[in-house]
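Engineer: Construct the complete structure from the given sequences, taking the supplied hints into account.
There are 4 protein chains.
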Amino acid sequence: MYHLLFDQKTRSGRRFEALCGLFALLSVIAVFIESGLGTQYHLTYDEWQLFVALEIGFTLLFTLEYILRVLCWPDPRKYVFSFWGFIDLATILPLYVLWLWPEIGVNYVFAWRAMRAIRVLRILKLLRYMPTLHTLWQAIVNARHQLILFYSFILIVMVVAGGLMYGIEGPPNGFTNLGTSVYWAVVTVTTVGYGDITPHTGPGRMVASILILIGYSVIAIPTGIITAHMTNEFQKQRNARLCPNCHKGNHDEEARFCKSCGSALPKL
Amino acid sequence: MYHLLFDQKTRSGRRFEALCGLFALLSVIAVFIESGLGTQYHLTYDEWQLFVALEIGFTLLFTLEYILRVLCWPDPRKYVFSFWGFIDLATILPLYVLWLWPEIGVNYVFAWRAMRAIRVLRILKLLRYMPTLHTLWQAIVNARHQLILFYSFILIVMVVAGGLMYGIEGPPNGFTNLGTSVYWAVVTVTTVGYGDITPHTGPGRMVASILILIGYSVIAIPTGIITAHMTNEFQKQRNARLCPNCHKGNHDEEARFCKSCGSALPKL
Amino acid sequence: MYHLLFDQKTRSGRRFEALCGLFALLSVIAVFIESGLGTQYHLTYDEWQLFVALEIGFTLLFTLEYILRVLCWPDPRKYVFSFWGFIDLATILPLYVLWLWPEIGVNYVFAWRAMRAIRVLRILKLLRYMPTLHTLWQAIVNARHQLILFYSFILIVMVVAGGLMYGIEGPPNGFTNLGTSVYWAVVTVTTVGYGDITPHTGPGRMVASILILIGYSVIAIPTGIITAHMTNEFQKQRNARLCPNCHKGNHDEEARFCKSCGSALPKL
Amino acid sequence: MYHLLFDQKTRSGRRFEALCGLFALLSVIAVFIESGLGTQYHLTYDEWQLFVALEIGFTLLFTLEYILRVLCWPDPRKYVFSFWGFIDLATILPLYVLWLWPEIGVNYVFAWRAMRAIRVLRILKLLRYMPTLHTLWQAIVNARHQLILFYSFILIVMVVAGGLMYGIEGPPNGFTNLGTSVYWAVVTVTTVGYGDITPHTGPGRMVASILILIGYSVIAIPTGIITAHMTNEFQKQRNARLCPNCHKGNHDEEARFCKSCGSALPKL
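Protein chains in written order, with the UniProt record's numbering: chain A, 1 to 268; chain H, 1 to 268; chain W, 1 to 268; chain F, 1 to 268.
Treat the hints with care, as some may be off.
Treat identical chains as interchangeable: a pair holds within one or across any two.
[What the hints assert, rightly or not] Here are the computed lysine-lysine pairs in the DSBU-like style, where the Cα-Cα straight-line distance is at most 30 Å:
hint: 1; residue 1: K9; residue 2: K248
hint: 2; residue 1: K78; residue 2: K267
hint: 3; residue 1: K248; residue 2: K236
hint: 4; residue 1: K78; residue 2: K125
hint: 5; residue 1: K248; residue 2: K78
hint: 6; residue 1: K125; residue 2: K248
hint: 7; residue 1: K236; residue 2: K267
hint: 8; residue 1: K267; residue 2: K9
hint: 9; residue 1: K9; residue 2: K125
Hints listed in this document are in silico derivations from the structure and should not be mistaken for laboratory results.
Structural biologist: Rendered as structure tokens:
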């Protein structure tokens with residue numbers, strides 16, 4: 001039964017997984033429609049009943065899935081305490097919680113139910129087998145030191161800039177405390193720029209401009225790091241496949257014969 | 001007649017296509033001027049008449065073009081039910097619709113007429129034959145799995161973040177429903193940052209900052225994917241042209257002779 | 001005299017050019033300080049006189065420079081009707097214009113004087129001789145077809161999206177005419193996101209989200225194009241320098257001897 | 001003692017440095033919590049005392065560290081007048097300054113204390129030994145001419161665009177002086193887009209759109225420059241390691257034996 005339903009190496013297992021992901025997707029769409037309609041129109045009692053019925057249906061389905069998984073897994077503990085075990089449990093709870101404590105705010109329950117989108121990741125998990133992702137992943141792994149250094153540096157720049165602006169602009173201009181100032185620096189350096197907090201004084205605008213220009217200059221660096229590592233990874237793959245006869249490399253990934261001596265190349 | 005006017009392999013066909021694109025461009029410019037002047041100044045009756053005359057002229061021209069295409073095409077059905085057939089038909093209709101149902105709102109008709117910009121794509125279609133686009137296209141095709149995975153993952157992150165913020169900030173702070181929250185997440189992760197909906201509470205700003213930093217970190221990934229695949233594609237082109245005499249590759253695309261033995265290279 | 005002052009191949013010519021650029025820089029800084037102080041503090045008559053004297057000084061300097069250039073150039077017409085001839089003439093005029101027509105608005109004169117920043121480009125012109133720029137320029141030239149196609153496509157997407165939003169949101173929500181809608185689309189697709197005009201209805205937000213996601217997806221393409229062409233250009237340079245003895249390429253740009261046979265390599 | 005505590009080549013030195021960095025991190029977190037709580041809730045006297053005690057503790061710790069460094073350094077002057085000497089001194093001062101001049105604004109002291117984040121850079125300094133950063137650094141050094149030219153050009157474009165918009169929109173629309181206009185141009189070209197100052201007139205919006213499109217087009221250039229130089233740097237590293245036996249290069253960085261002849265490769 002485990003192999004039939006949950007082993008992603010079998011075809012039926014992959015299909016069942018896709019089905020679970022599909023139901024998660026449908027449940028998320030239902031939550032969004034309910035939330036959207038609920039705030040814009042006055043729904044009649046019958047219309048509410050439809051959404052309630054849908055929600056009960058999805059909760060029962062997910063509960064069933066959870067029980068099945070716990071029963072079928074060779075080691076149920078391993079599943080229950082895994083990432084997916086927590087996610088699966090957490091996303092079937094909102095309705096039960098609402099039954100037990102009906103005084104809980106409705107928007108918390110909505111938010112909770114929207115978390116089911118994480119379940120949709122199951123569909124992506126099925127696609128993980130595509131070999132192309134390996135290159136990207138290897139590039140990120142190789143670049144991890146550079147990326148960690150870069151992002152730590154940027155975080156410190158944000159904290160320093162936030163502190164500076166708190167001193168320059170201060171609470172009257174919206175920089176109410178250090179946390180808010182750093183929130184402003186995050187929004188600014190990443191070029192999001194909401195505009196809910198902006199510098200109003202001359203020196204503040206000058207510091208903000210300098211911070212923006214620093215952010216603008218460094219935005220090229222992570223892209224450069226990841227791209228260069230990916231290109232390097234492609235080059236490595238190219239060099240790794242050598243002709244068994246003449247020992248020359250640099251063959252395209254779709255090449256089947258050595259371009260120098262014509263012998264058959266090993267498969268990737 | 002089909003070869004004369006619509007076959008883009010003949011010179012006259014390309015010219016006619018360019019002429020159609022040019023008229024589309026002129027009609028779009030006319031619509032924009034009319035819309036701009038109409039809201040900023042009070043136009044006299046004569047000035048309006050000029051724009052009405054222009055509009056009738058363009059509609060007649062496009063109608064004529066449509067009839068010509070239907071008549072000349074070897075298989076008219078194939079044209080009528082093609083993408084361009086729909087676009088051509090849709091963009092000659094606004095005036096006829098306005099005649100039949102004059103009570104339709106004027107801004108819908110303006111929006112409809114602006115859709116003629118799609119027709120201008122015909123001019124771009126003429127440039128499609130440039131061989132350089134092949135590399136870009138091939139890179140996107142090769143990278144499609146990675147890109148689909150990436151954008152799906154980002155979409156799920158947006159939905160989850162939208163749900164979270166709906167729970168944390170809630171309707172009083174502008175996150176009126178789940179759809180609005182996800183709209184906010186889209187605007188935030190992509191670094192657009194309108195600022196029409198922003199977090200106001202401490203925890204909300206913290207979650208928003210984390211979401212922004214995630215968005216900032218991953219923005220480098222699609223660029224890396226496309227660039228690495230394009231560089232790889234260039235490398236492949238380089239390797240694909242081998243000297244017929246000494247079988248060495250890695251020649252520049254503008255090289256005409258082998259750099260090792262001097263024999264003539266095959267053309268690209 | 002021409003060779004002494006304006007021929008950038010001589011050392012004195014480059015120094016004179018740098019001096020002119022430096023004065024332009026100083027004049028721009030003076031204009032900014034004057035404009036900043038003028039709006040924030042009440043300047044005394046004496047302080048104004050200082051700025052007026054500075055302005056007269058710079059105008060006389062630039063006039064002198066202009067006369068010198070016209071006199072020294074082998075063919076004065078060629079200078080006067082060149083790009084730099086126009087810029088030089090235009091940026092000495094504001095004070096003379098203010099003398100002739102004192103009723104002209106002061107902010108137009110300020111804006112005019114700020115244009116002197118273009119003169120600072122002269123300093124950059126001196127740096128143009130750096131050979132490294134050649135690679136970037138060659139990459140942009142090679143990529144021009146792809147870039148033109150890409151930006152034309154994006155412009156048409158902006159016009160179509162602007163038209164759509166004008167129909168969906170309409171004048172009451174800030175989309176006052178088609179031009180404003182396209183301005184909104186430009187601000188949105190490029191991820192600037194001012195937030196002065198934003199969608200307020202559900203369908204408007206949905207279309208805006210899709211437009212934002214399209215903009216987010218395509219932003220990687222121009223970077224990919226330029227980077228891949230630059231990498232290709234570096235590879236070409238690498239391959240172009242062959243060892244005169246063993247005809248092997250792929251030497252680093254700083255290598256002076258062939259890594260295979262040790263013979264001296266030709267200079268770049 | 002110097003070798004024991006501050007020589008980063010010894011293990012104990014690196015540990016002490018990490019400890020100092022950790023305390024700096026803790027002190028920054030304490031400042032943020034104090035600032036956040038102070039503005040949102042009314043703290044009791046006891047709670048304030050806790051933060052005051054923490055602050056005194058950190059100040060004493062940092063003072064001790066500073067004295068230790070001055071005493072242990074072989075040449076104390078070299079430390080005191082180095083970058084880190086200034087930072088270390090500056091970040092222990094706020095409490096002493098507050099004791100001497102209690103009338104100083106509390107938000108200046110908060111801002112000052114937040115500057116301790118710079119001390120956290122010490123932790124990053126420990127990671128500097130990672131060899132991978134060398135590639136990035138070398139790429140930036142090689143690309144410096146191109147980057148300087150690019151950013152100078154962008155700055156001049158910003159000044160010119162700011163001047164133009166000051167003339168077109170003027171003080172009534174928020175462009176109060178030339179400095180503010182350039183601040184707007186910086187915010188716009190870098191795609192931050194706060195929206196605190198936006199064009200309101202038709203021509204202003206047109207110029208803004210053109211400026212935005214210029215900014216959008218050139219954002220790809222620095223990324224392209226850095227990426228191409230990094231890829232080039234990787235290629236160089238690849239080529240630099242030649243097999244001592246057959247003199248062939250292009251080995252992967254993790255390869256230990258020549259792929260052509262099987263001899264051991266020199267270490268990186």
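Engineer: Evaluate K248 and K236 at a C-alpha cut-off of 30 Å and name the case that applies: within, between, both or neither.
Structural biologist: both (13 Å within a copy, 16 Å between copies)
Engineer: Between K78 and K125, at a C-alpha cutoff of 30 Å, which is it: within one copy, between copies, both, or neither?
Structural biologist: Answer is within: at 19 Å inside a copy they meet the 30 Å cutoff, but 40 Å across does not.
Engineer: I want to check one pair: K9 and K248. Are their C-alpha atoms no more than 30 Å apart within a copy, between two copies, both, or neither?
Structural biologist: Neither, since 36 Å and 42 Å both go past 30 Å.
Engineer: With identical chains treated as interchangeable, where does the CA-CA distance between K248 and K78 reach 30 Å or less: within a copy, between copies, both, or neither?
Structural biologist: neither (47 Å within a copy, 51 Å between copies)
Engineer: Taking 30 Å as the upper bound on the Cα-Cα distance, should K125 and K248 be classified as within, between, both, or neither?
Structural biologist: Neither. Shortest intra-copy (37 Å) and inter-copy (42 Å) distances fail the 30 Å Cα cut-off.
Engineer: Could you place K236 and K267 in one of the four classes (within, between, both, neither) given a Cα distance threshold of 30 Å?
Structural biologist: both (15 Å within a copy, 18 Å between copies)
Engineer: As a check of your reading, is K78 near K267 (CA-CA no more than 30 Å) within one copy, between copies, both or neither?
Structural biologist: Answer is neither; intra-copy 36 Å and inter-copy 43 Å both fail.
Engineer: Taking 30 Å as the upper bound on the Cα-Cα distance, should K9 and K125 be classified as within, between, both, or neither?
Structural biologist: Classified as within; 12 Å inside a copy, 45 Å across copies.
Engineer: Please sort K267 with K9 into within, between, both or neither, judging by C-alpha distance up to 30 Å.
Structural biologist: within (22 Å within a copy, 41 Å between copies)
Of the hints listed earlier, those the structure fails to meet are numbers 1, 2, 5, 6, in rising order.
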